[in-house]
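Chains A and B, in that order, are what the protein sequence lines are.
In terms of our numbering, the first sequence has 23 at position 23, counting the first letter as 1, and numbering is strictly consecutive.
In terms of our numbering, the second sequence has 194 at position 194, counting the first letter as 1, and numbering is strictly consecutive.
It is possible that part of the hints are untrue.
Covered by chain A, per the in silico footprint, the following chain B stretches (three or more residues, Cβ under 8 Å) [claimed, not checked]:
1. 161-170
2. 213-226
Selected chain A positions facing chain B (in silico; Cβ < 10 Å) [what the hints assert, rightly or not]:
3. Leu1
4. Arg7
5. Thr14
6. Leu18
7. Ala32
8. Phe33
9. Gln36
Have a look at the derived ranges for each label pair, beta carbon to beta carbon [what the hints assert, rightly or not]:
10. His520(B) / Val27(A): 38 to 46 Å
11. Ile31(A) / Glu497(B): 44 to 52 Å
12. Ile31(A) / Val247(B): 17 to 25 Å
13. Leu153(B) / Ile31(A): 38 to 46 Å
14. Arg12(A) / Met29(B): 55 to 63 Å
15. Val27(A) / Ile436(B): 30 to 38 Å
16. Val27(A) / Pro192(B): 48 to 56 Å
Hints listed in this document are in silico derivations from the structure and should not be mistaken for laboratory results.
Using N, Cα and C, we set each Cβ at its ideal position, and we do this for glycine too.
Next come the chains, spelled out residue by residue.
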Amino acid sequence: LAAEADRRRRVRSTTIKLVLFALAVYVVFIIAFVNQSR
Amino acid sequence: MAHSANDHAAHAGHDDHGPAKGFFRRWVMATNHKDIGTMYLVFAGVMFLVGGAMAMVIRAELFQPGLQFVDPQFFNSMTTMHALAMIFGGVMPAWVGIANWMIPLQVGAPDMALPRLNNLSFWILPFAFLLLLATLFVPGGSPAGGWTLYPPLVIQGGSSFPMAMFAVHMMGISSILGAINVIVTIMNMRAPGLTLLRMPLFTWTWLITAYLLILVMPVLAGAVTMLITDHFFGTTFFSAAGGGDPVLFQHVFWFFGHPEVYILILPAFGVVSEVIPTFSRKPLFGYESMVYASASIGFLSFIVWAHHMFTVGMPLAGQMFFMLTTMMIAVPTGVKIFNWSATMWKGSLTFEPPMLFAVAFLFLFTIGGFSGLMLAITPADFQYHDTYFVVAHFHYVLVPGAIFGIIAGVLYWLPKWTGHMYSMSLARWHFWLSAIFVNVLFFPQHFLGLAGMPRRIPDYATQFADWNAVSSIGAFGFGLSQLLFVWLVIQCVRGGERAPAKVWEGAHGLEWEVPSPAPHHTWETPPSAAVIERGAEH
């Protein structure tokens with residue numbers, strides 16, 4: 001059970017990191033362009 | 001081997017339950033990786049037929065000089081939609097389908113790590129493509145500015161513009177969610193003892209592919225969002241009139257677009273790395289170098305994008321940089337080609353259908369690689385750019401490259417999925433017809449391009465007539481040959497000789513430790529160390 005809980009925690013943590021990364025690339029990218037084209 | 005498969009079946013009998021009853025619960029609400037994999041593969045098959053039909057329209061129009069069947073606007077729509085359907089609807093979903101089926105089986109996991117997300121990422125796709133294909137029926141027709149969506153042309157599109165942009169956004173979201181699922185599964189769900197460097201190459205190449213996806217899909221999404229704001233909200237990111245720069249879009253698009261090429265081909269490298277050792281009855285030569293070569297190709301794919309746009313007028317230093325980095329990709333790719341050849345060297349070779357496609361891949365993908373090297377030479381590219389030589393190059397990479405890889409993978413694992421063997425003679429007929437016609441179709445396009453025929457035109461000068469006619473004959477032959485494959489798969493799903501757990505004598509890997517067809521639930525108890533040891537003999 002402890003191993004399963006640990007695995008679920010790792011799955012959740014990796015998922016959140018990847019989702020945040022994808023969002024960050026999307027947002028930062030657009031912000032960079034907004035600045036560039038001012 | 002059989003002992004292990006029986007153990008698995010006996011274990012599964014206790015607490016296993018079959019698929020949910022009813023179409024809605026089984027397929028619409030699907031969370032099982034095998035069901036979702038099957039849906040991805042069926043969807044990809046349908047999109048291959050749709051995209052293939054568009055290719056037939058293109059080649060029928062180009063059979064002779066002059067305008068024969070369609071008006072130029074519709075012709076341009078066909079080239080654009082053919083590319084979008086084949087890349088985003090055919091090749092990518094086919095690889096995700098095979099990944100869904102095989103990654104949990106290969107890493108000893110009971111399912112993908114995020115089954116409901118898996119369901120979502122699949123079900124976004126049919127809606128995205130319904131929206132995209134619906135543009136064929138709106139005033140002004142579907143997008144016709146090429147799959148690269150370059151402004152200002154794309155922004156001048158009619159009613160189809162917002163539909164196509166939303167569809168591309170949805171495809172991107174689907175791919176990102178799928179990639180997250182693959183990474184999370186491989187990083188967290190591997191059976192204890194199955195270290196990264198013991199994973200099968202197909203899983204490895206998919207891990208690298210998933211990282212590429214998650215890095216570049218948000219970039220495409222950002223570019224598409226900016227196209228939308230340029231069109232509807234008065235921004236001028238890509239409009240020179242407002243201080244923006246259309247060439248900037250090309251840089252952004254190809255920062256996505258070049259890694260996308262490797263997203264399409266890396267899983268094929270994985271399949272070939274599984275098939276060749278199996279039918280050579282030898283471990284893969286240079287397993288670790290294969291992993292590092294794949295990772296190097298993934299890294300290099302991010303620093304070569306501007307070779308697609310040498311002719312926009314970039315500084316000499318930029319031309320040199322992108323030429324040299326592009327050529328560097330030949331090094332890890334060469335490592336792979338030599339490793340596959342060395343695996344076959346002195347092997348106990350047999351040529352079952354998956355091996356035939358893998359060997360054809362080796363030769364024909366290499367032709368695409370070499371023409372890529374020719375295009376990488378900046379001054380030469382000034383001549384080749386936007387000619388049929390480029391069309392020949394990327395179709396050699398994508399058809400006998402990516403698509404032959406998909407076919408090899410399907411023929412390799414189909415008995416595991418269905419529990420039946422398919423007709424070997426039908427598969428051999430399909431192979432030989434495909435291998436001959438694909439060359440009749442695409443090889444003459446090299447000559448056309450070198451002679452100066454531009455791409456994306458419905459009509460051409462008469463000196464190009466002969467090779468265009470040959471190419472179109474190849475296209476019709478190749479298209480019809482694929483119907484044999486559809487029939488082969490349908491036959492295999494419906495019945496046939498029972499497939500054993502280990503379908504191919506020389507195969508290694510955890511997927512061959514479970515019965516055929518693979519039960520609805522597998523590896524609910526992780527495989528033992530001994531089973532992993534046996535499976536990891538690369």
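Results for each hint:
no., hint, result
1, 161-170, "violated (count 0)"
2, 213-226, "holds (count 9)"
3, Leu1, "violated (15 Å)"
4, Arg7, "holds (6 Å)"
5, Thr14, "holds (5 Å)"
6, Leu18, "holds (5 Å)"
7, Ala32, "holds (9 Å)"
8, Phe33, "holds (6 Å)"
9, Gln36, "holds (8 Å)"
10, His520(B) / Val27(A): 38 to 46 Å, "holds (40 Å)"
11, Ile31(A) / Glu497(B): 44 to 52 Å, "violated (60 Å)"
12, Ile31(A) / Val247(B): 17 to 25 Å, "holds (20 Å)"
13, Leu153(B) / Ile31(A): 38 to 46 Å, "violated (26 Å)"
14, Arg12(A) / Met29(B): 55 to 63 Å, "violated (22 Å)"
15, Val27(A) / Ile436(B): 30 to 38 Å, "violated (50 Å)"
16, Val27(A) / Pro192(B): 48 to 56 Å, "violated (38 Å)"
The structure shown violates the earlier hints numbered 1, 3, 11, 13, 14, 15, 16.
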